[in-house]
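Q: Take the given structure of chain Y and dock chain F to it, following the hints.
Single-letter residue listing:
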Amino acid sequence: MSNNSANNSLVLLHKSVKQLRLEAGIRRMKVSQAASDLKTFCLQNASKDPLLMGVPSNDNPFRPPKSCALF
Amino acid sequence: MGEVEKMKKEAEGLKTEIEAARKAVHDTDMAAAAAGLAPAPRVQLKTRRTLKGHLAKIYAMHWCTDNKLMVSASQDGKLIIWDSHSGNKINAIPLKSSWVMTSAYAPSGNLVASGGLDNMCTVYNLKTPVVKIIKELDAHTGYLSCARFLNDADILTASGDTTCALWDIETGKQKTVFLNHIGDCMCLALSTDMNTFVSGACDSLAKLWDIRDGQCKQTFQGHTSDINAISFFPTGNAFITGSDDCTCKMYDIRSDQEVIGYQDAQLNSGVTSLALSMSGRLIFAGYDDFNCNIWDSLKGEKIGVLSGHDNRVSCTGVPSDGMCVCTGSWDSFLKIWN
Numbered sequence: 001m002s003n004n005s006a007n008n009s010l011v012l013l014h015k016s017v018k019q020l021r022l023e024a025g026i027r028r029m030k031v032s033q034a035a036s037d038l039k040t041f042c043l044q045n046a047s048k049d050p051l052l053m054g055v056p057s058n059d060n061p062f063r064p065p066k067s068c069a070l071f
Numbered sequence: 001m002g003e004v005e006k007m008k009k010e011a012e013g014l015k016t017e018i019e020a021a022r023k024a025v026h027d028t029d030m031a032a033a034a035a036g037l038a039p040a041p042r043v044q045l046k047t048r049r050t051l052k053g054h055l056a057k058i059y060a061m062h063w064c065t066d067n068k069l070m071v072s073a074s075q076d077g078k079l080i081i082w083d084s085h086s087g088n089k090i091n092a093i094p095l096k097s098s099w100v101m102t103s104a105y106a107p108s109g110n111l112v113a114s115g116g117l118d119n120m121c122t123v124y125n126l127k128t129p130v131v132k133i134i135k136e137l138d139a140h141t142g143y144l145s146c147a148r149f150l151n152d153a154d155i156l157t158a159s160g161d162t163t164c165a166l167w168d169i170e171t172g173k174q175k176t177v178f179l180n181h182i183g184d185c186m187c188l189a190l191s192t193d194m195n196t197f198v199s200g201a202c203d204s205l206a207k208l209w210d211i212r213d214g215q216c217k218q219t220f221q222g223h224t225s226d227i228n229a230i231s232f233f234p235t236g237n238a239f240i241t242g243s244d245d246c247t248c249k250m251y252d253i254r255s256d257q258e259v260i261g262y263q264d265a266q267l268n269s270g271v272t273s274l275a276l277s278m279s280g281r282l283i284f285a286g287y288d289d290f291n292c293n294i295w296d297s298l299k300g301e302k303i304g305v306l307s308g309h310d311n312r313v314s315c316t317g318v319p320s321d322g323m324c325v326c327t328g329s330w331d332s333f334l335k336i337w338n
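Which chain is which? The protein sequence lines are Y and F, in order. Every letter in the first sequence is one number past the one before it in UniProt numbering, and letter 38, counting from 1, is 38. Every letter in the second sequence is one number past the one before it in UniProt numbering, and letter 279, counting from 1, is 279.
So that you can see chain Y by itself, here it is in the shape it has in the complex (with noise of 0.2 Å):
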């Protein structure tokens, strides 16, 4: 192996070290508080969601309410 290559592995392991060591660090929160969170947000939001409530036709810029018009 020339000294150049073993050179370039020792910089991009060196990398990697420094990448991982910061990845480590970090503190995490537990996975039943997260996901409590994610739930509380979708319940919270739920009936502002027009995709999960449905849109009615009045309020639905992409239906024309039916209407008769008598002139």
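There could be a bad hint or two in this list.
[Claimed, not checked] Computed spacing ranges between beta-carbons, pair by pair: (1) F:SER225 / Y:GLN33: 39 to 47 Å; (2) Y:LEU43 / F:LYS15: 45 to 53 Å; (3) F:SER269 / Y:ASN7: 28 to 36 Å; (4) F:THR192 / Y:ASN7: 37 to 45 Å.
[Claimed, not checked] With a straight-line cut-off of 30 Å between C-alpha atoms, the simulated DSS-like cross-links for lysine-lysine are: (5) F:LYS299 / Y:LYS18; (6) Y:LYS30 / F:LYS9; (7) F:LYS6 / Y:LYS15; (8) F:LYS68 / Y:LYS48; (9) Y:LYS39 / F:LYS9; (10) F:LYS302 / Y:LYS30; (11) F:LYS15 / Y:LYS15; (12) Y:LYS30 / F:LYS68; (13) Y:LYS39 / F:LYS6.
No lab work stands behind these hints, which were simulated from the structure alone. Beta carbons are placed, not taken as given, at the ideal position from N, Cα and C, and that holds for glycine.
A: Same frame as chain Y, but now just chain F:
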């Protein structure tokens, strides 16, 4: 040589440490936590518009923040700006290179961008009497797979050269290059506060990046093939990915791990695109098998399907008011559903 061995050992040690730390907080998963929830209603959406105009495969679409206009990109060499309410074409912008893979609408509505196998991100001004190219962002050494505007001055790109980059549109230069993926970057999603973004790549990893310091902060494993699509959950604390391994996954950023997977034994087509409904409860995922499947994000169950395209669904998008979902396909049509 001793130095290399020492580092390899440290790397292995750190990987083990990370896995142990993730396991230590894994006291449940999303599906178990949502077991007591009422199931999401069976979702049956109808096609409200079929937008016809492209002459070849559609590869990308993006909603404008006004919830009415949208841009689509096709390998017929055009970007089309549509008024989704009327179904009319507002603009048809000819592309210098027809091998387009991504398109983006700036939050202001003033600019759009496109890019693809030309390795460039081209930014267009929609507000001049004739649509004009204002900049060609040229520095990536691989294809442009995704672009997203932060504002009229800054844009983020993901590339087949394995990097993502933040550009100053005015100078045309890269302000920051995000290096860490070891496979083509296929997709990116910007957080609402614009301080971070997540990327998905062919190395089957998703990564969280700090835009200001250019650092990769967290790496998420689990997929076994290319990640083609990525989207933040509305709170910004989680994100969903879609992959060639035929599954979607939700990763929680604060727990630093996958919390639920969306898969079905009968589904053996790759996921090409995904979008979330406004509350985050529904995931619309486009697949190679011509369908867009609808998943309950909390329970992990498939609750509906959008069938209607005659070819692969290549892109999906929900506008910020959550009023509809748009699907774009290789069949050259875009459909709007609600």
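Q: Are the hints correct? Go through all of them and say.
A: Status of the hints after comparison with the structure:
1. F:SER225 / Y:GLN33: 39 to 47 Å: violated, 31 Å
2. Y:LEU43 / F:LYS15: 45 to 53 Å: violated, 37 Å
3. F:SER269 / Y:ASN7: 28 to 36 Å: violated, 45 Å
4. F:THR192 / Y:ASN7: 37 to 45 Å: holds, 43 Å
5. F:LYS299 / Y:LYS18: Not OK: F:LYS299 and Y:LYS18 at ~37 Å, beyond 30 Å, violated.
6. Y:LYS30 / F:LYS9: Status holds; Cα separation ~28 Å.
7. F:LYS6 / Y:LYS15: Between F:LYS6 and Y:LYS15 the Cα gap is close to 14 Å, so the pair holds against 30 Å.
8. F:LYS68 / Y:LYS48: holds, 19 Å
9. Y:LYS39 / F:LYS9: violated, 40 Å
10. F:LYS302 / Y:LYS30: Holds, because 26 Å separates the two Cα atoms, which is no more than 30 Å.
11. F:LYS15 / Y:LYS15: Roughly 14 Å separates the two Cα atoms, so the pair holds.
12. Y:LYS30 / F:LYS68: Violated. Y:LYS30 to F:LYS68 sits at ~40 Å, over the 30 Å cutoff.
13. Y:LYS39 / F:LYS6: Not OK: Y:LYS39 and F:LYS6 at ~44 Å, beyond 30 Å, violated.
Comparing the model with each earlier hint shows violations of hints 1, 2, 3, 5, 9, 12, 13; every other hint is respected.
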